[in-house]
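**Q** Sequence:
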Amino acid sequence: MTSYSCFFYGTLMHPAVLNRVISSTETPAYLPVILPGYARFRVKGQDYPGVIAAQDAPEGSVAEANVSVAGMLVSHLSSYAIKRLDAFEGDEYTRTSVTVLDGTGKRHNCQMYLYKDSSKLEATVWDFEDFKREKLAHWTGDAEFSMLQGQTDGTNGRSSFA
86 MTSYSCFFYG TLMHPAVLNR VISSTETPAY LPVILPGYAR FRVKGQDYPG
136 VIAAQDAPEG SVAEANVSVA GMLVSHLSSY AIKRLDAFEG DEYTRTSVTV
186 LDGTGKRHNC QMYLYKDSSK LEATVWDFED FKREKLAHWT GDAEFSMLQG
236 QTDGTNGRSS FA
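Positions 86 to 247 (this note's numbering) are the ones given, in order, by the sequence shown.
Derived from the structure by calculation, the hints contain no laboratory data.
Since this is a predicted model, take the numbers as computed values, not measurements.
Just so you know, even glycine gets a beta-carbon here, dropped at the ideal spot from N, CA and C.
A hint or two may mislead.
[What the hints assert, rightly or not] Pair by pair, the computed Cβ-Cβ distance ranges are: (1) R180 with S109: 17 to 23 Å; (2) K205 with E111: 27 to 33 Å; (3) P100 with L186: 36 to 42 Å; (4) P121 with R180: 26 to 32 Å.
[To be verified] Pairs of lysine-lysine, DSSO-like flavour, derived with a Cα cap of 27 Å: (5) K205 with K217; (6) K217 with K168; (7) K168 with K129; (8) K129 with K217; (9) K201 with K217; (10) K129 with K205; (11) K205 with K168.
Sequences and hints are given; from them, build the entire structure.
**A** Shown next, in the form of structure tokens:
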């Protein structure tokens, strides 16, 4: 059985979101890593980010100071999980091969979802802690609670992906 590794830098870094998307009994392994040479930005009007090569960063952005992206390397993903991830990411992203670095400097080859259209990115960096605090409920199925709190659905339909 083929096993895959993916670098996640946004909503899928949270195990509850990833488990909802891959919808399987597999137990992935998580490792904090860095992706050098790239920058992470908010997608306009959405809760989730897009990552692009740092040299393609939006004009006026802070990419110069953020030419690497912190995220999670998730290993032991099945072909079924990859198919579900491809569907979840849709046509906004393309799956591509990259090399990430762990805390010891060891290189890991993996796949990631690269954002296709940099014109749809804000010039502000997306923050995982802000996402967890303010938007996670939409992504884990507790959207009713979020609506009661006056939040809008910034998942672009992804909250119902199950």
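**Q** Confirm or reject each hint.
**A** Against the structure, the hints:
At roughly 18 Å, the beta carbons of R180 and S109 sit within the given window of 17 to 23 Å. Distance hint check: the CB atoms of K205 and E111 are about 32 Å apart, consistent with the given range 27 to 33 Å. A hinted range of 36 to 42 Å for the beta carbons of P100 and L186 is inconsistent with their spacing of about 22 Å. Between P121 and R180 the beta carbons are some 19 Å apart, a value that contradicts the proposed interval 26 to 32 Å.
This hinted pair checks out: K205 and K217 have alpha carbons roughly 22 Å apart, not beyond 27 Å. Taking the CA atoms of K217 and K168, the gap is near 25 Å; set against the 27 Å cutoff, the hint holds. The suggested pairing of K168 with K129 holds, with an alpha-carbon distance near 26 Å, which does not exceed 27 Å. Between K129 and K217 the CA atoms are separated by roughly 18 Å; this keeps the pair inside 27 Å, and the hint holds.
This hinted pair checks out: K201 and K217 have alpha carbons roughly 24 Å apart, not beyond 27 Å. Taken as a hint, the K129 and K205 pair is honoured in the structure, with Cα atoms around 6 Å apart against an allowance of 27 Å. Between K205 and K168 the CA atoms are separated by roughly 25 Å; this keeps the pair inside 27 Å, and the hint holds.
Checked against the numbered hints above, the structure breaks hints 3, 4 and satisfies the rest.
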